[in-house]
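Trainee: Keeping their order, the protein sequence lines are chains H and W. At position 192 of the first sequence (counting the first as 1) the number is 192 in this note's numbering, and the numbers step up by one without a gap. At position 332 of the second sequence (counting the first as 1) the number is 332 in this note's numbering, and the numbers step up by one without a gap.
The reader is advised that the hints may include incorrect statements.
Intra- or inter-copy, both count: the list cannot distinguish identical chains.
Unchecked claim - Capping the alpha-carbon separation at 35 Å, the derived lysine-lysine pairs in DSBU-like fashion look like this:
id, residue 1, residue 2
1, LYS367, LYS54
2, LYS303, LYS332
3, LYS127, LYS464
4, LYS127, LYS243
For the record, the hints were derived by calculation from the structure and aren't laboratory data. None of these values were measured; they are calculated from a predicted model.
2 protein chains.
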Amino acid sequence: MIVPLNEYDFLKRALAVYGDCEAIVSGDLRLTYRQFGERVNRWAHVMRALGVEKGDRVAIISQNSHRMMDGFFGAPLIGAVYQPINFRLVAADFEYILNHAEAKVLIVEDFLLDTVEGIRGNLTSVKHFIVHTDDSGARHEGRQGWRDYEELLAKGSPAPPDEVQIDENETACILYTSGTTGRPKGVMLTHRNLYINAMNSIIEFGLNHSDVYLHTLAQFHCNGWGLPYAVTGVGGKHVIVSKYEPASFFDLATREKMTFACMPPTMINMALNHPMGEEERNHLPRNVRIGTAGSAPPMALIKGMQERLGWQVIQIYGLTETSPFLTVSKVKPHMHVLSAEEKLRVQTRTGYQMLGVDIRVVDEDGKDIAADGVQVGEVIARSNVVMAGYWRQQEATDAVIVDGWFHTGDMATIDNEGMIEIVDRKKDLIISGGENVSSIEVEGMLYKHPSVLEAACIAIPDEKWGEVPAALIVSKPGMQVTEQEIIDFCRGNMAHFKCPKSIVFVDALPRTATGKIQKNVLRDKFWEGRGKRVN
Amino acid sequence: MIVPLNEYDFLKRALAVYGDCEAIVSGDLRLTYRQFGERVNRWAHVMRALGVEKGDRVAIISQNSHRMMDGFFGAPLIGAVYQPINFRLVAADFEYILNHAEAKVLIVEDFLLDTVEGIRGNLTSVKHFIVHTDDSGARHEGRQGWRDYEELLAKGSPAPPDEVQIDENETACILYTSGTTGRPKGVMLTHRNLYINAMNSIIEFGLNHSDVYLHTLAQFHCNGWGLPYAVTGVGGKHVIVSKYEPASFFDLATREKMTFACMPPTMINMALNHPMGEEERNHLPRNVRIGTAGSAPPMALIKGMQERLGWQVIQIYGLTETSPFLTVSKVKPHMHVLSAEEKLRVQTRTGYQMLGVDIRVVDEDGKDIAADGVQVGEVIARSNVVMAGYWRQQEATDAVIVDGWFHTGDMATIDNEGMIEIVDRKKDLIISGGENVSSIEVEGMLYKHPSVLEAACIAIPDEKWGEVPAALIVSKPGMQVTEQEIIDFCRGNMAHFKCPKSIVFVDALPRTATGKIQKNVLRDKFWEGRGKRVN
Numbered sequence: 001m002i003v004p005l006n007e008y009d010f011l012k013r014a015l016a017v018y019g020d021c022e023a024i025v026s027g028d029l030r031l032t033y034r035q036f037g038e039r040v041n042r043w044a045h046v047m048r049a050l051g052v053e054k055g056d057r058v059a060i061i062s063q064n065s066h067r068m069m070d071g072f073f074g075a076p077l078i079g080a081v082y083q084p085i086n087f088r089l090v091a092a093d094f095e096y097i098l099n100h101a102e103a104k105v106l107i108v109e110d111f112l113l114d115t116v117e118g119i120r121g122n123l124t125s126v127k128h129f130i131v132h133t134d135d136s137g138a139r140h141e142g143r144q145g146w147r148d149y150e151e152l153l154a155k156g157s158p159a160p161p162d163e164v165q166i167d168e169n170e171t172a173c174i175l176y177t178s179g180t181t182g183r184p185k186g187v188m189l190t191h192r193n194l195y196i197n198a199m200n201s202i203i204e205f206g207l208n209h210s211d212v213y214l215h216t217l218a219q220f221h222c223n224g225w226g227l228p229y230a231v232t233g234v235g236g237k238h239v240i241v242s243k244y245e246p247a248s249f250f251d252l253a254t255r256e257k258m259t260f261a262c263m264p265p266t267m268i269n270m271a272l273n274h275p276m277g278e279e280e281r282n283h284l285p286r287n288v289r290i291g292t293a294g295s296a297p298p299m300a301l302i303k304g305m306q307e308r309l310g311w312q313v314i315q316i317y318g319l320t321e322t323s324p325f326l327t328v329s330k331v332k333p334h335m336h337v338l339s340a341e342e343k344l345r346v347q348t349r350t351g352y353q354m355l356g357v358d359i360r361v362v363d364e365d366g367k368d369i370a371a372d373g374v375q376v377g378e379v380i381a382r383s384n385v386v387m388a389g390y391w392r393q394q395e396a397t398d399a400v401i402v403d404g405w406f407h408t409g410d411m412a413t414i415d416n417e418g419m420i421e422i423v424d425r426k427k428d429l430i431i432s433g434g435e436n437v438s439s440i441e442v443e444g445m446l447y448k449h450p451s452v453l454e455a456a457c458i459a460i461p462d463e464k465w466g467e468v469p470a471a472l473i474v475s476k477p478g479m480q481v482t483e484q485e486i487i488d489f490c491r492g493n494m495a496h497f498k499c500p501k502s503i504v505f506v507d508a509l510p511r512t513a514t515g516k517i518q519k520n521v522l523r524d525k526f527w528e529g530r531g532k533r534v535n
Numbered sequence: 001m002i003v004p005l006n007e008y009d010f011l012k013r014a015l016a017v018y019g020d021c022e023a024i025v026s027g028d029l030r031l032t033y034r035q036f037g038e039r040v041n042r043w044a045h046v047m048r049a050l051g052v053e054k055g056d057r058v059a060i061i062s063q064n065s066h067r068m069m070d071g072f073f074g075a076p077l078i079g080a081v082y083q084p085i086n087f088r089l090v091a092a093d094f095e096y097i098l099n100h101a102e103a104k105v106l107i108v109e110d111f112l113l114d115t116v117e118g119i120r121g122n123l124t125s126v127k128h129f130i131v132h133t134d135d136s137g138a139r140h141e142g143r144q145g146w147r148d149y150e151e152l153l154a155k156g157s158p159a160p161p162d163e164v165q166i167d168e169n170e171t172a173c174i175l176y177t178s179g180t181t182g183r184p185k186g187v188m189l190t191h192r193n194l195y196i197n198a199m200n201s202i203i204e205f206g207l208n209h210s211d212v213y214l215h216t217l218a219q220f221h222c223n224g225w226g227l228p229y230a231v232t233g234v235g236g237k238h239v240i241v242s243k244y245e246p247a248s249f250f251d252l253a254t255r256e257k258m259t260f261a262c263m264p265p266t267m268i269n270m271a272l273n274h275p276m277g278e279e280e281r282n283h284l285p286r287n288v289r290i291g292t293a294g295s296a297p298p299m300a301l302i303k304g305m306q307e308r309l310g311w312q313v314i315q316i317y318g319l320t321e322t323s324p325f326l327t328v329s330k331v332k333p334h335m336h337v338l339s340a341e342e343k344l345r346v347q348t349r350t351g352y353q354m355l356g357v358d359i360r361v362v363d364e365d366g367k368d369i370a371a372d373g374v375q376v377g378e379v380i381a382r383s384n385v386v387m388a389g390y391w392r393q394q395e396a397t398d399a400v401i402v403d404g405w406f407h408t409g410d411m412a413t414i415d416n417e418g419m420i421e422i423v424d425r426k427k428d429l430i431i432s433g434g435e436n437v438s439s440i441e442v443e444g445m446l447y448k449h450p451s452v453l454e455a456a457c458i459a460i461p462d463e464k465w466g467e468v469p470a471a472l473i474v475s476k477p478g479m480q481v482t483e484q485e486i487i488d489f490c491r492g493n494m495a496h497f498k499c500p501k502s503i504v505f506v507d508a509l510p511r512t513a514t515g516k517i518q519k520n521v522l523r524d525k526f527w528e529g530r531g532k533r534v535n
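Construct the entire structure; sequences and hints are all you get.
Mentor: Here's what the structure looks like:
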């Protein structure tokens, strides 16, 4: 018997088995799975009433919210394509992404209402504008053409909608991600992708019905790494964190008896820098696992989490294009002979392949490099977690999926334990605090400044964010411009996480014989003395 | 990207990640995953050399053995169909099954060589007869037409064979079920069936690379419930138990530091009846999980395992037709308020649906019965773990898979926790004076009596009530007990209409080759001369 794999099944099971158990905690709101399921049904009916048909894109721009959860399960229930968008982007990004994906419905959190209102006239496909707010729906009053999320929901039936036939290989969501090209690309993940990734999450994090999961990680980031599905499938509890901030995080973790959270290294760093009294520390939950990814966690962060808080860190690695989990880095049983320090070192490495993921590290001819932990090659993957492709960008898809293998663009060593360690990036990509930044996009912005003659954007190491964008600039003859002016110019026109944190003015940029800027030469200075070129 | 789900991938991952870790312990033999993988490759080459092509059946009749493990992974590696056969069957059964499945290759453990030799002339499809033995291959010397397994293996290349294209929905194995009536049927399980079932095993038993799994459960029983795949996928260790016997089981569990085993209730019963000194008990491994299935475990068995040995029991339920796992019975977090006794009671219940399994309990019109824990209906399932069908028995397949739902033939209640409890086989339900009586429940009570070794409850005709429960009992050696004592014991502990009205003491209960009590044989006597078996 073949039953299409569908991420909605994770909620279906929770409804059958954990109906009266707490599903979601969000501020003062507490929902059982039965109540959550009814909200999802209502949302499905609302979408249908708005004319959403199978395959239509339903976009949302929001911080973490239980309303984003409605979409994670409401969309597959009627075969709609969910499209969570990074709320840290700027209006021009939203416009491009929404038009490119041809989204039919757009839900926006209230704090972005003005921003989106400013581009409404340019949105070519969106038929319905919905605002969600915790402020009793007051914010959109008097706004023409906007509807309130909860008002709509109240009108939808809580009964399950008519079933729709779904092929597991159809697109379940589109997630725009920045790459080496200036424009973001829409990663199409299928129901099968999401299902298998969520199963792997359950397995590697050992999730079960006793788990209390804090949504610290942004839900728009590859569907919160698939945890909304995984935690639901095992009947665990979701605790929504709309905005991560260490003090309230520790409060909530303590109050709700957190057992599990996912935190990019920057969040861990913030947590460890949070001053904590003995009393507060004594009340922290025990037996906590922290999943981390987005960039390599420095050993001090893992050590701090494990030794100071007593929380176990599990590093995973992946990309939006891979749903996202590819590898996990755990200390294997036979490594018990290692010293505590050596075990920590193992945990900082990128990791070994998860179940159902084939990982290879290959040279430029596509041949496996030696598994000696020294040679460096590109990480490629073959798995059911690899995306179907980039939305309407076949060429870009063909560039990364070659002969049945997905090319990550990440350069790594591999050892005889099957353990990879990423040491460099093939593509010209900056990953800052877990966010992809296209250096080409940044350079494009720099070139718009009237004083800039030439510009190159590279990643430089940063204590807090792992790496941050920095720019090397040749200014136009006779023009006077300061570092702060350039930075301010960028911040006024693009998402803040993309803006260069420092500017170096130079007389000329090093180029190859063919005129290409030699970014590796530029980076050499900043990464000198480090074993690798990425953080 | 779509990569066919294939149970061989579980070994592929172990080879990539756990190559130098111990994979299999079998007597004095200890193999790392690398060594095991080489044996599997050798076996794949041997099969190819013998002319085994994609889809060909390769049968094995054997007790648990590391050589059966070769087949679990060697078959999917070349697309052969694995066919483990119950070694407790008789020659006529072997003949029927092998001819019906048209097996091309047959591997037989040495102790069955004479038995199979006796029917060799009748086997119409088998081209190659192979004997496996731990006795240096001596036993088949002088036997015409038999080849030694290890001699063949030594000739095969340890390198991976050429890849073969596999559709995940193709048949991976055929398992003949021992029906109590009629000819056995060949259950066809696909690669996808086995893969999803193994993922669910990992999730529900919480398997990981620290696990040491004892193969107590027969490997021919639905591929050892899929644990050979699951344990391999997470890089755990397999310890082969060729023949279960309590004393050596406890020795091996202690020596190898067992963490996990699967034991049907009869095995648990034997283990608990094994006399054990304080010293021996003190050395038993801790943190052990015991999966149990096959029949409902009486509360006394779960209690004995958990309180006397400190081993956690996890009951699962399923059928060969469902790969086999459908439900699992764990005490949910919100049940912590229950008493210890009530929690044990929860564990004896059949359980709730696993991830990716839809379970319903329906009346004769196919409508869901009330989830009140009282009404009884048939358990039906919809899942990727449901078989493709019975080999060359379309009619039998159509009788059990109706409108996309598999009909288990098991009758159960379901409560508002989604927890089902099987109260009888579809044709083995007692209806006395209009009241439903579960023979399993009655048996559970009988087993609580200190003098009862084995018990079976059946319906017998009754003038007044239509039918009433009666019990057949094997009393413990040296114990004296009367019919009235047993009846009084039941009446003191359960509703009077449920209590056996008569007790027959017997020396043994008739069982099928797989150990299932043949209730139809028992009932025959009591219903003789009547046109029907229910009143």
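Trainee: Using 35 Å as the alpha carbon limit, work out where LYS303 and LYS332 are close: within a copy, between copies, both or neither.
Mentor: both (18 Å within a copy, 33 Å between copies)
Trainee: Cα distance capped at 35 Å. Does LYS127 pair with LYS464 within a copy, between copies, both, or neither?
Mentor: This pair counts as neither: shortest intra-copy Cα distance 41 Å, inter-copy 68 Å.
Trainee: Have a look at LYS367 and LYS54 and pick one of within, between, both or neither, based on CA distance no larger than 35 Å.
Mentor: This pair counts as between: shortest inter-copy Cα distance 29 Å, intra-copy 42 Å.
Trainee: Could you place LYS127 and LYS243 in one of the four classes (within, between, both, neither) given a Cα distance threshold of 35 Å?
Mentor: Answer is within: at 29 Å inside a copy they meet the 35 Å cutoff, but 68 Å across does not.
Hint 3 alone, counting from the list given before, is not met by this structure.
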